[in-house]
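A.B. asks: In case you want the letters, here they are:
2 protein chains.
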Amino acid sequence: MTCEVVLARRPQGALQASDLRLQAQSLPACGEGEIRLAIRYLSIDPFTRIFLDEQALGGAMQGLPLGSVLPGAAVGEVVESRADGFSPGDMVEGRFGWREAIVTGTDGVRRLDPALGSPRAALGILGLPGTTAYTGMITVAGIQAGETAIISSAAGAVGLTAGQIAKIRGARAVGIAGGPEKCAMVLDHGFDACVDYKAPGFEQALVDACPGGAQVYFDNVGGQVAMAAYAALGRGGRVALCGLLSLYQGEGGEAGDLGRFMRLIMSRGLRIQAYGTVQICPPEALPDLSRWLKDGAIHIPETVVDGLAAAPQAFADMLTGSAQGKLILKLP
Amino acid sequence: MTCEVVLARRPQGALQASDLRLQAQSLPACGEGEIRLAIRYLSIDPFTRIFLDEQALGGAMQGLPLGSVLPGAAVGEVVESRADGFSPGDMVEGRFGWREAIVTGTDGVRRLDPALGSPRAALGILGLPGTTAYTGMITVAGIQAGETAIISSAAGAVGLTAGQIAKIRGARAVGIAGGPEKCAMVLDHGFDACVDYKAPGFEQALVDACPGGAQVYFDNVGGQVAMAAYAALGRGGRVALCGLLSLYQGEGGEAGDLGRFMRLIMSRGLRIQAYGTVQICPPEALPDLSRWLKDGAIHIPETVVDGLAAAPQAFADMLTGSAQGKLILKLP
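Protein chains in written order, with this note's numbering: chain A, 27 to 358; chain B, 27 to 358.
A few of these clues could be false.
Calculated lysine-lysine pairs in the DSS-like style (CA-CA distance at most 30 Å, straight line) [claimed, not checked]: (1) B:K320 with A:K193; (2) A:K320 with B:K193; (3) A:K193 with A:K224.
These aren't lab readings, by the way, just hints derived from the structure by calculation.
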């Protein structure tokens, strides 16, 4: 027999502990190629909340069926093995879910190196939180020495790791966290500054903590905290959109278009880049366009309006969508 | 004497022709190094609207002072020259503004090659619309053969050019335009499909026009049309955010957070990428993290909770922000 945590009912807004239920479950015998584990440590992650709604992330994914065991990474100790390469006493990590014991195959199961210290690191710096922070700060945001990175949810496992990675790479790390206690802890971990989003004047304090504008925002939360961070970015800033914690708890404060927009960006894994042509137009643009124009590969119709006196009305009409192609004013 | 168009008063919402005013202006003599031009063609561009508000793009830029000549690209004929390399009869392009004649220095003034046909092309395919389309579709979105690109404001100069560039590169081009007449014109220019945003069922029609999801969205408009296009993108879609025409006309339908968010992205030239760690975590992540952990360069506090029965409440507390660092459940 083992005990497990299942989804008893869909949370209405903020999760209540009573939305989840413990239940006893009998354990099957260990088959050929399988191992039996006693779970020692279980990772509890914010993004798990996404899967508790019927339609996760505003319909982008299917939610967990009612009655299912909650998913999640865990560290277990092998207590019986009928699989090659696994022996009783081995510590392993995998997505075993919220349970005390499991009989499982070995696909996706990772043996832990005792030389790396506590097996709990496999759920933190050497687990999904660590690789998520690394991927976002280095691969996506491409943090560089001398830059400033803003990190929201900075007191969380992902945010703390992301800020420390920014420091390792020679950047400034500016955290956002809720309350003085969390902010103090974030500073203890080497961040250069930490701004309390629950304090009055938060938006301005964040701008002040990033003189000249930050280059990178590592977003864990979305919503109004994210809006403040976007406003503290300088021109050409990069955003690694890692999570939307403030939007996970149902349709509360962000039920409107902004919430829908952020969920779309997140759930589709989109990359959005606003650009100024003048800044980044490549040198081959005009030669290419000239050739295509000459070859007839591109053409656009012109709407030609006569005389400067016609300009104001032509402009007003264009803005309400009545022009086609290029609107050009012809002067005598 | 020349005639010019100036900003008479700030538009309230949609621009009225009467917000602009024609006025006569005397022309100075042509000084050393200067040329005098008779303007032949003037480009009228949607983004000019941005600068008519006191605070452009929601405060990101200063607006045009009242009484100023409207800025814009134009083609002029040199009628007098006291500058090297410019002779009467030459056609030139530059940001001369909305006027009939100008005396100007030659910085930023481009002589036009008569071999490339009409000098009007310097305001279209070989001007800012063309280079804007090129930069967005090729440099920013990186369109590839076989992909599908959605292009909003497809009947405009930038949109039409962007779609034809997608076709030249072997991609499918799906336009969005207002009304059957514009859609027909867009199809005449080689787009594979064009969806009318004023027609009922627009959102679904756009999804249907992009089987499997589009890879690229070239956004000229923002607002609700953009929301529909985001929803028609597949996983990992790229957005080249070129303009926000629907948001230029003041604080109308997009006064809320979504409008503010889109303006911030645009005015700061941001790049936003939502990512899934599992998909793009680089192979060096775990070795790097292991080394940093061993060296003590990264550490995170753990909140360890005992026993499976404590899991539901611990999870609910984390989601409302009371956990610090990594939340781990310890089992016996």
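A.B. asks: Evaluate each hint against the coordinates.
C.D. replies: A quick look at each hint next to the structure:
1. B:K320 with A:K193: Judged against 30 Å, a Cα distance of about 16 Å means the pair holds.
2. A:K320 with B:K193: The given pair, whose Cα atoms are some 16 Å apart, holds under the 30 Å limit.
3. A:K193 with A:K224: The given pair, whose Cα atoms are some 25 Å apart, holds under the 30 Å limit.
Checked against the numbered hints listed earlier, the structure breaks none of them; every hint is satisfied.
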